[in-house]
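Colleague: Single-letter residue listing:
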Amino acid sequence: MKIVVAIKQVPARDSQLRIASSGKWIDEEDLTHEINEPDAYALEEGLQLKEKHGGEVVALCFGPSRAAQTIREALAKGADRAIHIEDEDPGAHDPLSAARLMAAALKSEAPDLILTGLQSDDLGYGQTGPILAELLGLPHATIIMEVEKQDGAIRVKRELEDGWFQHVEMPLPALLTIQSGISKLRYATLMGIKKAKTKEIRRVTPAELGTATGAVSIRLDRVYLPERAKQTQLFEGTPAEAAAKLVEKLKFEARVI
Amino acid sequence: MSILVVMEQRAGEWNRMSFETLAAAQQLAGELNTTASAAVLGTGLDALAGELAGKQLEKVYAVEHELLNEYTPDAWSSALRQLIAQAKPDTVLFPHTYQVRDFLPKVATALGKVAVNDVVGHRVDAGELVLVRQLFQGKVNVDVRFTDAAPHFVSLQAGAWRADQLAAGSAAIEKFTPTIAAGEIRTRPQDRFRESARAVDLTAAELIVAVGRGIKEADNIPLVQELADAIGAELAASRPICDAGWLPMERQVGSSGQTVGPKMYMAIGISGAIQHLVGMKGARTIVAINKDPNAPIFEVADYGIVGDLFQVVPALTEAFKKAK
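Chains A and B, in that order, are what the protein sequence lines are.
First residue of the first sequence? That's 1 in the working numbering, and the numbers climb one at a time after it.
First residue of the second sequence? That's 1 in the working numbering, and the numbers climb one at a time after it.
Be aware that one or more of the hints could be misleading.
[Unchecked claim] List of simulated lysine-lysine pairs, DSS-like, C-alpha gap at most 30 Å:
hint, chain 1, residue 1, chain 2, residue 2
1, A, K251, B, K263
2, A, K195, A, K107
3, B, K59, A, K245
4, A, K249, B, K175
5, B, K175, A, K245
6, B, K88, A, K245
7, A, K249, B, K216
8, B, K175, B, K281
9, A, K245, B, K324
10, A, K24, B, K291
11, B, K291, B, K322
12, A, K251, B, K88
13, B, K175, A, K230
14, A, K52, A, K184
15, B, K175, B, K216
16, A, K249, B, K88
17, A, K230, B, K324
18, A, K249, B, K281
19, A, K157, A, K107
20, B, K321, A, K251
21, A, K149, A, K230
22, A, K199, A, K230
23, B, K291, A, K251
24, B, K263, A, K230
25, B, K324, A, K157
26, A, K50, A, K194
[Claimed, not checked] So these bits of chain A aren't anywhere near chain B, every CB distance computed over 10 Å:
hint, residue
27, K2
28, H33
29, Q48
30, Q69
31, R72
32, R81
33, K107
34, K199
35, L209
What the hints contain is simulated information worked out from the structure, not anything from laboratory work.
Note that beta-carbon positions come from the ideal geometry of N, C-alpha and C, so glycine has one too.
Pulled out of the complex, with its shape left as it was, chain B reads as follows:
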């Protein structure tokens, strides 16, 4: 029942979500009475592998190859299949990053397996791992079990486990050099870029009022802007609002936008899909205004009003003005 965590790095920098997954692996190893190991793929991995060697792990695999310098699904899939064949883990854990979303289904399929991805929780039932996922944009949960033989592939949602609970220890580093031919790699990635410099830094905002699909039309945005002005808050939005061009992309909160942690986050007409929640659930106080009492945003909200935002928002603007 051994566990292998596949960490994510790029140009020598960790994707921090990897450490949440590492903490989850240590916890699971304890509960399932087994060991956890970690792997990192890339080039020039000495420092990163050395850092992992200071954690409570059985083994650290430094998977090095010049064709792993830049991410491609073909190279990652090839290297991981070879590593899995050698390490023979029962469970392989990944952070649910965009990169993992890109290659994990490919690796699992190549081995005739199905990955259970974007997992938010777990329990051990009679020695068997039961995983919790969200369905319908977070409105419903489901318990999932594997019904076939190992290896089992699992990816964990950002924020579902805490990286600060990592146990220190001492692990042996094993270098693993996969065989990858340049001809196997069919995609050619180019340099990463950002569209434009961000004029608005939502991460520095103390108070944020964010608007979502519930606002219905671009013409209604000023209603929420007035509320933000009355509170002295920055205006932010969920993805669909920015996609529609009703507010600029730099005001987007969520996995593809900014991750914020203000004193107060007020979500107006935002249902609270996972992709949005990961960007704001670190706020100290969360307020939700939504017409649907079952909207997932209420799962993280401290205060809420269930009602029509077109009536509630103007009333709030007035109430904040009076309170000043």
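For reference, chain A alone in the conformation it holds in the complex:
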């Protein structure tokens, strides 16, 4: 089974974010970056499916040159090769225009299964998967907890709201978006890291893919810190002092204890 896993590099989870002076995005200069967490689970699922059924895992990443680090890590964990759509300003694309690039990069690949995380931790659209499926004419399912391969088809467990689930069957090729936390993520081994250095990374630019930038449907106008819905009373001092003040407020002001 040939599996493509679409991964994205995003600012590390506990980053302190500052708005860029342009007001159009955050200041990414001095941030560290890592694989988008849901994509790490998609990669893990891809690697496990390959271990069970054989085949190949290809990591696909749209991002600037620094994303090469995240791609290397995916290769070190066991992806066989990678495609890096390199663009120093991925933010100039909206989800459709980014997915068009991915679809163009996959033209010569004909994968049996495409996996990606259910959403990115930065933009949080959660749209790349279903858009890519539509562009490639594939059936899809989102927020998947389990994947079971059948003959020319798959049976997946889909998460619904409020603790409900549902199994869905569909023919291959297909696209799935994977829920976070469905399995334990592996670490790269020393051998894996060594091997990764010799694995192929195909670098392509949007221009080479013949998909012009500029045709976007939505524009991010202004990025800013949210206003607080409530004025939070913060308690300071030593932990014991802050705790005592909080308990007093809960008892005499909020009257909840």
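Dock chain B against the given chain A, drawing on the hints supplied.
Modeller: Same frame as chain A, now just chain B:
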């Protein structure tokens, strides 16, 4: 600039978020000086369409087809594209449910459009709609505008608009029968199920202490359990804690877990991603303990302590014991 709301139902039961979206549509129609209509997809829709006809709407579309009995992305996409071609709305609004997340990007893409999803607010700027979304798990907001021609697709986050502000009225019902062939539908959904009966009903709890990623390791959970015991509260958790198996799934609060409304909700080491906030922001008093003063949990908290939970939590346990 007409607005169409696509409501969500299953087996004759509304997804209640749909009514928040309907209220938003009425409000937007007023601000943009246009009309709002609503559509519902499925089979046997007379009662549901009849209910919608009692709202202040231009038209109610009952989109019926036997292949719309059970949700599939292919049938929904096909039916909606046909409906949009006929109704010609400028803006199509959806509640941001799991089902909408599944089919909305597909419909928009088929029409060469991009949906702006999970919207928490809006304003009208010179007759143009500006939508507010959250980025970075709620740490940052962004104003988004459409730059292309209608139709524009938008989904609204749970709780961002209030369903109790719906205006009553009288709307005409129009039956719409799309053409869908069984061969178009590639996915085969099976029965919905729940993993196990819930032994813990967090929705009935008056006091909840909830723990998140900040607790770092399973071995640290007892620290928070002791605090919950000192307060007499139920212990709950954000999703990553349950995913890791540190607490059972039945203790999960958020969009994929339980939605709670206790007298007090104390969030410990929980940053407050949107998926968690929708499950607890109805609590009467919210307390947040977090090391990051910019964590989104503080946007909804009444009281807070910014600090290391490993120092604050034992101090709180002591303070609650003393207060008894």
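Colleague: Go through the numbered hints given earlier and state which of them the structure violates, listing their numbers in rising order.
Modeller: Structure breaks hints 3, 4, 5, 6, 8, 12, 13, 15, 16, 21, 22, 25.
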